[in-house]
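J.: Chain order of the listed sequences is A and B. Following my numbering, the numbering of the first sequence begins with 1 at its first residue and continues without gaps. Following my numbering, the numbering of the second sequence begins with 1 at its first residue and continues without gaps.
Be careful, since some hints might not be right.
Said to hold, decoys possible - Some chain A residues judged to face chain B by a derived CB distance under 10 Å, without partners named:
(1) M17
(2) R19
(3) E22
(4) K25
(5) M26
(6) D81
(7) S114
(8) L120
(9) E121
(10) I122
(11) M123
To be verified - Listing some non-contacts, in silico: residues in chain B with all C-beta distances to chain A over 10 Å:
(12) Q73
(13) R77
(14) F84
(15) T173
(16) E204
(17) H213
(18) G281
Honestly, the hints are just simulated from the structure, not real lab data. Every residue, glycine too, gets a C-beta built ideally from N, C-alpha and C.
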Amino acid sequence: MKILRELGEFIKMAGGMFRKPENSKMYWKQFMLQCNDIGIGSLGIICIISVFIGAVSTLQTAYQLVSPIIPKTTIAQIVRDTVILEFAPTLSCIVLCGVVGSKIASELGNMRVSEQIDALEIMGINTKGYLVLPKILAGLVTIPLLIMLAMVLGIWGGRLAGTAAGIIDPSIFDTGLVMAFKAYNVYFALIKSFVFAFIITAVPAFYGYNVKGGALEIGHSSTRAVVVSCVLLLLADYILSALLL
Amino acid sequence: MIEIKNLKKSFDDKAVLKGVDVIFDDGKCNLIIGSSGSGKTVLMKCMVGLIKPTSGQVLYDGEDFVNMNDIEQKAIREKIGMLFQGGALFDSQTVEQNVMFPLDMFTGDKYSKKKERVKQVLERVQLKEDAYRKFPSEISGGMQKRVALARAIVLNPKYLFCDEPNSGLDPQTSMVIDKLIQEITQEYNITTIINTHDMNSVMEIGDHITYMHQGEKEWEGNNKEIILSENQKLNDFIFASEFLKDAKRMRTIQETGEIPKDMPAGVKDAIEEKLNVDLDGDGHIGNPSKNNPPSKE
C-alpha cells in the first residue's frame, strides 16, 4: 500500500515539474550548477573505482584462465566485455547512488525542513521544476558521460595491471580488445546508464523533496533514498539485461 | 486588504481552524497571537497558499485566493513577501545573492540596477556592507532575519507575512526587527501580518491584534485595548508575560487606587512610558526625574 502511495506521489511530483519556467535563464543556471555538482563532483571517485575495477578484473580473469590452449587475447576480451556490460555502468552507478543520491536527498530535505522550499513556493516559483527537474536532467546528461569515461578507464586500468603484473603483453591486450568487438554492447551500456541516471537522481529527489520533520528525518530519507535507488537500479539492470541481451 | 471569511481546516478528523473571520487592513501591523497549537501558523499557511483550507475564503483585495487557478495564484504570490521563522535563506548563496534572487527570477533588469536595489534594501534593514559577501551560516540570527526581511521586501510586496520574526532573538534585536517591520509597513503602505507570541511585539507594533484559541478567533483589538480586555482566555494567555501582567495590575491600580507594595518603581515607570499614561497619579509619565508631562488620560 505504501509503495503504491509513494508511486502515486512520485507521478504527481513528476507531473508538476513540467510547467513553463518563470525565468529560463535561472533554470539554465540551475541546470549547469547541477551538471557541475553531479558530473564534475563525481569525476574523482569514478576515475578511481574504474581503474581499480579494470585492474582487478584483469588479474582475476588471468588467474582463472590457466589452460595453455586459451589465447592470452581472451583475457582482454573478457575484461573489455565485463567492464562495458556490467562493471562500468552498474558498479559505477551503485557508487553514484551513494555519492549523488544522498547529496540530492539531504540537500532537498534540508531545504524542505528549513522552509527554503516554502520560501520559493511563496515567491511563486514552481519548486518541482526549479529544484528537481534540473537535477534529473543534469544526471541524464552527465552520468552517461561518466559511464563512458568509466569504460575507457576500466579497460585502461586492466591493461595497466596486466602489463605491470607481467600477465599479458600490452600489444596482445590491444589485439584482444578489438577481437569480436560488438558495438551493441556499448549501446546497451548507454541505455542502462540513462535508466540508472534517472533512478539515481529522481528517487533521492523524491524522498528529499517530501521530507517531513527535522534533522533526523533528513538522515532517514537520505538512507532510504540510497537503499531504494540501489534496489531499483539492480532490478532495472536485470530487466534490461533480460530484455535487451 | 486581506479578508478571511469562515476559514476552516481539518487534518484527518482534527479541526485546526474552525471558521475564522478576520480583516487585515493596509498600512497596519496585524498581529496573530495565541498559544502553541491554537492554529495561527495553519491560518498563515492557508493565507499564503502553503496549505489548502477545507473551506472558506481568503480575499486579497476582494479576489478569492483559495479558488484561483495556479496562474492567478502565482500573480498574487508575486505580490507577497514572507519572513520565515528561521529566515529560510538559501545556504549556498551569499547575503547579496539571497536578496538578489527574487530580482533575478522576476525582473529582466541589468545587473547594476539589481545590485543597486539590493544595496538599497540591505541598507534599509541596517545591514553593514561587510556582511554582503558572507553566507547565512557566517552571520548572526538577527542579521539573518534582516537579510530575510530585505529579501521579502526587495520586490516591493503589497502583502508582508512574518512568521515568528523574533524567535531566537534577544529582546534588543527583537525590538529592532519589530521597529523595522513597522516602519516598512507604514513606508510602503503594505498589509503586514505577523504571527507571534512575543508580548513586547504585541505592545510595540500591534495596530490590530487577533487572538487565536483552539482554532477560533477568540478576541481582536489593538495594543491599547488588550490591556483592558476582560476575555478570560486572553488574560490567561497574556498573564504569562511579565510585562502585561504588570500592565494589567497597573490598570487595576488605576481603577481601585491601591498600589501593590511589592511592585518595583522601575516596573511602574516602564509601564507608564510604554502606555504613555500616568497610571500611579504622581504627575509624571515614567521616571519622575525625567520631568515627563502627565497624560490627559
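J.: So B:F84 supposedly isn't at the interface. Is its beta-carbon more than 10 Å from every beta-carbon in chain A?
T.: violated, 5 Å
J.: Does A:I122 hold up as a contact with chain B if the rule is Cβ-Cβ below 10 Å?
T.: holds, 5 Å
J.: B:T173 clear of chain A by more than 10 Å, beta carbon to beta carbon?
T.: At roughly 20 Å from the nearest Cβ of chain A, B:T173 sits farther out than 10 Å, so the non-interface label holds.
J.: A cut-off of 10 Å on Cβ-Cβ distance, and B:G281 was said to be off the interface with chain A. Does that hold?
T.: Its Cβ never comes within 10 Å of chain A, the nearest being 49 Å, so this holds.
J.: Return the status of the interface hint for A:M17: holds when the least beta-carbon distance to chain B is below 10 Å, violated otherwise.
T.: Interface hint status for A:M17: violated (14 Å vs cutoff 10 Å).
J.: Does the interface hint hold: is A:M26 within less than 10 Å of chain B, judged Cβ to Cβ?
T.: holds, 5 Å
J.: Given A:D81 as an interface hint, is the shortest Cβ-Cβ distance to chain B below 10 Å?
T.: At 42 Å from the nearest chain B Cβ, A:D81 fails the 10 Å test, so the hint is violated.
J.: Let me know if the C-beta of A:R19 comes in closer than 10 Å to any C-beta of chain B, holds or violated.
T.: holds, 8 Å
J.: Measuring from the C-beta of A:L120 to each C-beta in chain B, is the shortest one below 10 Å?
T.: holds, 9 Å
J.: May I ask you to check that B:R77 keeps its beta-carbon over 10 Å from the closest beta-carbon of chain A?
T.: Violated, because the least Cβ-Cβ distance between B:R77 and chain A comes to about 4 Å, which does not exceed 10 Å.
J.: Beyond 10 Å from every chain A Cβ: check whether that's true for B:E204.
T.: holds, 25 Å
J.: Identify whether the interface hint at A:E121 stands, where standing means a beta carbon of chain B within less than 10 Å of its own.
T.: Because about 6 Å separates A:E121 from the closest Cβ in chain B, which is inside the 10 Å limit, the hint holds.
Hint compliance for this structure: hints 1, 6, 12, 13 and 14 are broken, all remaining hints hold.
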